[in-house]
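Same order as they appear, the protein sequences are chains A and C. Read in order, the letters of the first sequence are residues 7 to 106 in the numbering used here. Read in order, the letters of the second sequence are residues 80 to 249 in the numbering used here.
One or more of the hints may lead you astray.
Straight-line Cα separation of at most 25 angstroms, BS3-like style, residue types lysine-lysine; simulated pairs [what the hints assert, rightly or not]: (1) A/Lys93 <-> C/Lys103; (2) A/Lys93 <-> C/Lys241; (3) A/Lys93 <-> A/Lys105; (4) A/Lys93 <-> C/Lys104.
It should be emphasised that the hints constitute simulated quantities derived from the structure, not laboratory data.
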Amino acid sequence: MVTLNSYLTLSAVLFSIGAVGVFTQRNALIMYMCIELMLNAVNLTFIAFSRYLNDLGGHVFVFMIMTVAAAEAAVGLAIIMALFRNKETVNVDEINLSKG
Amino acid sequence: MQLLMFYILGFGAVVSALLLVTNKKPVNAAMSLIATMFCLAGLYVLLDAHLVAVLQILVYAGAVMVLFLFVIMLLNIQEKEGRLAGSTIALQFVSILGVGMVFVIAASLAKVRGALPAGGELYPFGTTKAVGSMLFTEYLLPFEIASMLLLAAIVGAVILAKRRISDAKP
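Next comes chain A alone, as it looks inside the complex (with noise of 0.2 angstroms):
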């Protein structure tokens, strides 16, 4: 029998390598890749929980989660085209916009 623990344990895996992504990738599409990763993870612990309890509130709740990552993904792929339209790159080490 699969246990909760198990899923948890796999879970923080996913998110721990989604998390190690971030910061080790340079180029910014991999790096929203990778924060999907994490989304996902989290994903796969709310439907544990949710079948667990026997509620099915973390259902509603993952739902919610991939609306707000499609709309991520399109917002932050726009600010990517946009950014590459004048610097020419996605590294983010070439990018310092911000910078004072």
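Once you've looked at the hints, dock chain C against the given chain A.
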């Protein structure tokens, strides 16, 4: 059987997540993320979340990742590495899709029930009917707010991505 499926899908998710974070090419990273999402969809099926599993494939692996690939190919970023041939990308795409579908079908055929040591078995757990009725009664206001959020995101993306009118004129 259920434990075996959990290990297979969890291992696949972790391995493809590792491939995602260690990749230098955005297209390969996107393919790894699609594989991760298919594995997670299989895990959702194991957890009786059928609607969420389908939404995961449709919205994440479908819409969001196609948007990512669209932007990657539109920007045509040269990261000091040769471009992949179109056939290679197509082969990767199809193979990942196939593997993912095999996982999802196998998980749904595994006669899973009561994935966790939970109490009573709610029969219509995680089906479209159950989640939908909850979404349109108890969580109606958040649902409407989510639609407003999507509208704002559409407007924001269009405004950010379009060129200035002075630039567009020849």
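Hint consistency between A/Lys93 and A/Lys105 [alpha-carbon to alpha-carbon, up to 25 angstroms]: holds, 15 angstroms
Distance restraint between A/Lys93 and C/Lys241, which requires alpha-carbon spacing of 25 angstroms or less: It holds: about 16 angstroms lies between the C-alpha atoms, which stays within 25 angstroms.
Holds or violated: A/Lys93 to C/Lys104, with C-alpha atoms at most 25 angstroms apart: Between A/Lys93 and C/Lys104 the Cα gap is close to 20 angstroms, so the pair holds against 25 angstroms.
25 angstroms limit on alpha-carbon distance, applied to hinted pair A/Lys93 and C/Lys103: It holds: about 20 angstroms lies between the C-alpha atoms, which stays within 25 angstroms.
Checked against the numbered hints above, the structure violates none of them.
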